[in-house]
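Trainee: Quick mapping for you: the protein sequence lines, in order, are chains A and B. Adding 2 to a residue's 1-based position in the first sequence gives its number in this note's numbering. Adding 471 to a residue's 1-based position in the second sequence gives its number in this note's numbering.
To be clear, the hints were calculated from the coordinates, so they are not data collected in a lab. All residues carry an ideal CB built from backbone N, CA and C; glycine is no exception. Certain hints may be false.
As the list claims (entries may be wrong) - Counterexamples of contact, computed for chain A against chain B with all Cβ distances above 12 Å: (1) E29; (2) E54; (3) R76; (4) D163; (5) P197.
Claimed, not checked - Partner residues aside, some chain A positions facing chain B, computed with beta carbon under 8 Å: (6) K7; (7) S13; (8) T49; (9) L52; (10) V58; (11) H65; (12) T313; (13) D315; (14) S317; (15) E337.
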Amino acid sequence: MKCVKAQELFSAYLEKTIQPPMGVAFEQHLAECARCKSEYEKFHATTVVLDELPQVAPPPEMHAAIMARIQEARRESPRKVNWLRFEWPSVFTLRVPSRALAAGIAMLLVFAMTYQLTPLQSVTANLFGFNKHTERLADDSGVAPMPMPWGVTAAGAKRADVGGGLMMGLSVNTTNPESTAFILRLAARDGHSIPVRVSLMGDDALQNGASSNDPNSVLFMGTVAVGRQAAVPVVMAGCANRMVQVAKVTWQNGDRSYSEYVFMPWTLGSESGDARVSIDNAAGSQILSKLSAEYGVAVIASEAQVAKSMTVDVSAGTADEALAAAAQQMGLSGEKLGSSVYILK
Amino acid sequence: MIFKASKSSEEREHERASERALITRCKNGEIGAFDELYSRFEKRVFNCAYHICGNYHDASDISQEAFLRVFNSIQTFRGDANFLTWIYRIVTNVFLDERKKSKAHRQTSLDEYIELGESSVARQIEDDSPLPVDVVQANERAEIVQKAINSLPEYQRIIVTLYHMESLSYDEIAEVLQLPIGTVKSRLNRARLALAEILGAKPELFG
Numbered sequence: 003m004k005c006v007k008a009q010e011l012f013s014a015y016l017e018k019t020i021q022p023p024m025g026v027a028f029e030q031h032l033a034e035c036a037r038c039k040s041e042y043e044k045f046h047a048t049t050v051v052l053d054e055l056p057q058v059a060p061p062p063e064m065h066a067a068i069m070a071r072i073q074e075a076r077r078e079s080p081r082k083v084n085w086l087r088f089e090w091p092s093v094f095t096l097r098v099p100s101r102a103l104a105a106g107i108a109m110l111l112v113f114a115m116t117y118q119l120t121p122l123q124s125v126t127a128n129l130f131g132f133n134k135h136t137e138r139l140a141d142d143s144g145v146a147p148m149p150m151p152w153g154v155t156a157a158g159a160k161r162a163d164v165g166g167g168l169m170m171g172l173s174v175n176t177t178n179p180e181s182t183a184f185i186l187r188l189a190a191r192d193g194h195s196i197p198v199r200v201s202l203m204g205d206d207a208l209q210n211g212a213s214s215n216d217p218n219s220v221l222f223m224g225t226v227a228v229g230r231q232a233a234v235p236v237v238m239a240g241c242a243n244r245m246v247q248v249a250k251v252t253w254q255n256g257d258r259s260y261s262e263y264v265f266m267p268w269t270l271g272s273e274s275g276d277a278r279v280s281i282d283n284a285a286g287s288q289i290l291s292k293l294s295a296e297y298g299v300a301v302i303a304s305e306a307q308v309a310k311s312m313t314v315d316v317s318a319g320t321a322d323e324a325l326a327a328a329a330q331q332m333g334l335s336g337e338k339l340g341s342s343v344y345i346l347k
Numbered sequence: 472m473i474f475k476a477s478k479s480s481e482e483r484e485h486e487r488a489s490e491r492a493l494i495t496r497c498k499n500g501e502i503g504a505f506d507e508l509y510s511r512f513e514k515r516v517f518n519c520a521y522h523i524c525g526n527y528h529d530a531s532d533i534s535q536e537a538f539l540r541v542f543n544s545i546q547t548f549r550g551d552a553n554f555l556t557w558i559y560r561i562v563t564n565v566f567l568d569e570r571k572k573s574k575a576h577r578q579t580s581l582d583e584y585i586e587l588g589e590s591s592v593a594r595q596i597e598d599d600s601p602l603p604v605d606v607v608q609a610n611e612r613a614e615i616v617q618k619a620i621n622s623l624p625e626y627q628r629i630i631v632t633l634y635h636m637e638s639l640s641y642d643e644i645a646e647v648l649q650l651p652i653g654t655v656k657s658r659l660n661r662a663r664l665a666l667a668e669i670l671g672a673k674p675e676l677f678g
């Protein structure tokens with residue numbers, strides 16, 4: 003063993019971590035090399051001296067000095083920030099200050115509540131011109147003149163061409179025994195939009211064959227855009243002295259205006275074998291109201307059919323038979339658009 | 472013996488639990504807890520600083536800076552890590568940072584040793600300021616040994632200090648310095664050889 007190698011092994015030999023074969027070689031070298039033996043003795047004595055080096059007492063004023071610096075650092079440093087750590091090991095580490103995040107969420111919530119519960123919503127709407135258009139475009143995407151009753155769905159239904167570039171349909175969704183919800187569906191047939199007004203007819207106006215001019219009765223006034231369907235909800239609520247509700251749909255196409263009437267019963271689909279409708283020389287509106295109420299059917303008819311005086315005597319077991327017979331007696335034809343929904347042509 | 476060993480183990484576990492609780496209180500910003508932490512580690516921190524820098528006044532400055540860093544960064548201390556090695560790492564980092572600053576500003580410590588070839592001599596500067604009683608009473612042997620340590624390169628004197636004065640194991644020193652354990656062993660061996668050569672010339676030390 004060379005002296006340099008022996009000196010490298012001083013610590014391992016001293017701490018008894020040297021491997022046995024190497025230890026034997028080391029001891030053999032020390033026995034043969036007086037210089038290394040002397041060096042090792044000094045090495046050993048040095049480690050003893052180092053181990054015995056006395057501890058030094060810290061200066062008494064150090065404690066006060068450190069605590070003063072810590073107090074100063076505490077005053078100057080910002081408040082403790084707890085970080086939320088989102089870690090995706092080996093890719094990135096995102097740290098978000100939890101207190102700031104919580105404050106941000108709280109501020110957003112407060113703003114949202116303030117916006118909803120104060121006139122701020124209308125103020126900002128006016129500011130940014132959101133209320134500029136008074137006419138509303140109604141379509142199936144949810145823009146409707148009145149909120150949908152609970153449970154009413156906007157499922158599609160068959161529509162019929164009622165002339166004047168307009169397609170009309172009526173779907174029914176009865177979810178509550180106290181009311182019946184209808185959805186009047188309108189669509190532009192040709193390549194241009196149709197301005198439409200839908201209003202409810204009062205009893206007097208209906209009997210006199212006149213249009214309702216009461217602005218409160220307007221359900222929808224707007225434009226049926228090309229490629230989009232207008233869905234106008236009409237709810238027929240329970241009413242002891244009123245079994246049928248009539249909506250008048252008026253629209254403009256070119257220079258001409260058109261009208262169509264929709265008779266909607268409170269109780270839908272009440273087929274009765276005993277029902278009989280017998281009216282002599284009466285306005286079509288009266289006959290259709292009676293048919294609608296007795297047989298629980300919704301009927302769409304034109305202004306000419308509503309105004310014309312007719313005589314009808316119908317006694318049928320089902321609504322289909324009753325409508326077919328009545329249409330025949332009135333010199334018209336009937337088409338079924340859906341369950342308990344008919345249109346007269 | 473078995474009973475004693477078991478009791479010692481229980482005592483160590485109790486000490487660790489107490490240390491963890493103290494650290495948690497410090498993390499919560501409890502100033503009293505930090506005062507307690509200081510009392511528990513002040514001697515170790517100061518002695519470590521003193522033996523690696525070899526100067527009483529500088530040791531005080533290093534200790535203060537180290538405790539300030541402990542206070543500022545205790546939030547980052549992981550609960551499963553060894554707090555003692557963490558605090559020693561801070562002390563050695565403060566020392567190395569101060570050395571870098573000193574070199575950048577071409578400053579020299581009052582007791583700095585200037586290496587001249589194979590030998591080293593201490594710069595002798597008269598100091599009129601009163602020295603602390605403990606230093607004045609320190610025996611000559613300790614001063615000679617400390618001056619020999621001061622002549623070592625920085626990493627060697629840190630390893631000698633942590634091993635002989637602070638009684639850390641090779642594993643713990645490797646953790647403090649973030650070095651391979653083999654490097655720690657070889658550097659300690661070289662440091663001891665260098666010290667043996669310096670101190671071997673003073674046989675009165677070993678009397």
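Trainee: Give a verdict on every hint.
Mentor: Quick rundown of the hints versus the structure:
Listed as outside the interface, E29 (chain A) is consistent with that label: its C-beta sits roughly 18 Å from the nearest C-beta of chain B, beyond the 12 Å cut-off. Its closest Cβ contact with chain B, about 9 Å, brings E54 (chain A) to no more than 12 Å, contrary to its assignment away from the interface. At roughly 7 Å, the least C-beta separation between R76 (chain A) and chain B is not larger than 12 Å, which violates its mark as non-interface. The beta carbon of D163 (chain A) is kept farther than 12 Å from every beta carbon of chain B, the shortest such distance being approximately 75 Å.
The Cβ of P197 (chain A) lies farther than 12 Å from every Cβ of chain B, with a closest approach of about 68 Å, so its non-interface assignment holds. Look at K7 (chain A): its Cβ only gets to about 12 Å from chain B, farther than 8 Å, so that hint breaks. A cut of 8 Å between beta carbons decides the hint on S13 (chain A): the least distance to chain B is about 4 Å, and the hint holds. For the restraint placing T49 (chain A) at the interface with chain B, the shortest Cβ-Cβ distance is roughly 6 Å, inside the 8 Å limit, so the hint holds.
This hint holds: L52 (chain A) has a C-beta 4 Å from the nearest C-beta of chain B, less than the 8 Å allowed. With 8 Å as the threshold, the beta carbon of V58 (chain A) comes within range of chain B, its nearest partner Cβ sitting at about 5 Å, so the hint holds. For H65 (chain A), the shortest C-beta to C-beta distance to chain B is roughly 7 Å, which falls under 8 Å, so the interface hint holds. Hint status for T313 (chain A) relative to chain B: violated, with the closest Cβ pair at about 94 Å, above 8 Å.
Nearest Cβ of chain B to the Cβ of D315 (chain A): about 93 Å, over the 8 Å cut. The hint is violated. Using the Cβ-Cβ criterion of 8 Å, the hint placing S317 (chain A) at the interface with chain B is not satisfied: the shortest such distance is roughly 89 Å. For E337 (chain A), the interface hint is violated, the least distance from its beta-carbon to any beta-carbon of chain B being 78 Å, above 8 Å.
In this structure, the hints that do not hold are numbers 2, 3, 6, 12, 13, 14 and 15, in rising order.
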